[in-house]
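Place chain B on chain A using the hints.
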Amino acid sequence: SAVISQKPSRDICQRGTSLTIQCQVDSQVTMMFWYRQQPGQSLTLIATANQGSEATYESGFVIDKFPISRPNLTFSTLTVSNMSPEDSSIYLCSVEIYNPDRGSVTEAFFGQGTRLTVV
Amino acid sequence: DAKTTQPTSMDCAEGRAANLPCNHSTISGNEYVYWYRQIHSQGPQYIIHGLKNNETNEMASLIITEDRKSSTLILPHATLRDTAVYYCIVRDSNTDKLIFGTGTRLQVFP
Chain A
95 SAVISQKPSR DICQRGTSLT IQCQVDSQVT MMFWYRQQPG QSLTLIATAN
145 QGSEATYESG FVIDKFPISR PNLTFSTLTV SNMSPEDSSI YLCSVEIYNP
195 DRGSVTEAFF GQGTRLTVV
Chain B
101 DAKTTQPTSM DCAEGRAANL PCNHSTISGN EYVYWYRQIH SQGPQYIIHG
151 LKNNETNEMA SLIITEDRKS STLILPHATL RDTAVYYCIV RDSNTDKLIF
201 GTGTRLQVFP
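Here the protein sequences come in this chain order: A and B. In terms of the working numbering, the first sequence opens at residue 95 and continues consecutively. In terms of the working numbering, the second sequence opens at residue 101 and continues consecutively.
Excised from the complex, chain A in its bound form:
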């Protein structure tokens, strides 16, 4: 299993500012992801955080708006830049671990999320 710590757990920010969210995992993992969950909605994948190279973004998400760092196999950050009220969401970090005890498939673990409110 994996224990994921996200900081901050919540924040209220002024529009036009930026917020950096940290994700720390208690073990080295290859696959690390960032999701967004808008109010009352399901999770949407933002990007895959790649260690040692640029993140891979999903359609509709760009690096200028959501820069991601992945300096090592246990840590990543997501920045929400130039925020507007539409960015108010929960942002979740996720890791996937290959688990031979669970039928040799990868299992995803999620952080508790960062609840962001932009005013």
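Source of the hints: derived by calculation from the structure; they are not laboratory data. Certain hints may be false.
Below are the DSSO-like pairs computed for lysine-lysine, each with C-alpha atoms no more than 27 angstroms apart in a straight line [as the list claims (entries may be wrong)]:
{"id": "1", "chain 1": "A", "residue 1": "101", "chain 2": "A", "residue 2": "159"}
{"id": "2", "chain 1": "B", "residue 1": "197", "chain 2": "A", "residue 2": "159"}
{"id": "3", "chain 1": "B", "residue 1": "152", "chain 2": "B", "residue 2": "103"}
{"id": "4", "chain 1": "B", "residue 1": "152", "chain 2": "B", "residue 2": "169"}
{"id": "5", "chain 1": "B", "residue 1": "103", "chain 2": "B", "residue 2": "197"}
{"id": "6", "chain 1": "B", "residue 1": "197", "chain 2": "A", "residue 2": "101"}
The following block gives chain B in isolation, referenced to the frame of chain A:
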């Protein structure tokens, strides 16, 4: 896009079995079905997964039809703490990504 469709919401009496259906008619032969749940204000939690055989663990059972186009998650004795949104996910074999659908909001009542 998500490869699954689920009912928006369901109710279940405490102590009874909760049966949550999921349709995945476009599933490919090597794609797994995963179930996660999200309790309010928490990150999603893994429940169970399967390929074609029925599976059971300490949390739930997963019944997959023979043609693999649908499945049912069974919580044998639902408790109030099982109130959550349940997501049925087919991992995309091309991208290997978990794409979440809208999920089923299960309300367990006393």
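Which earlier hints turn out false for this structure, listed by number in ascending order?
Of the numbered hints given earlier, the structure breaks none, since each of them holds.
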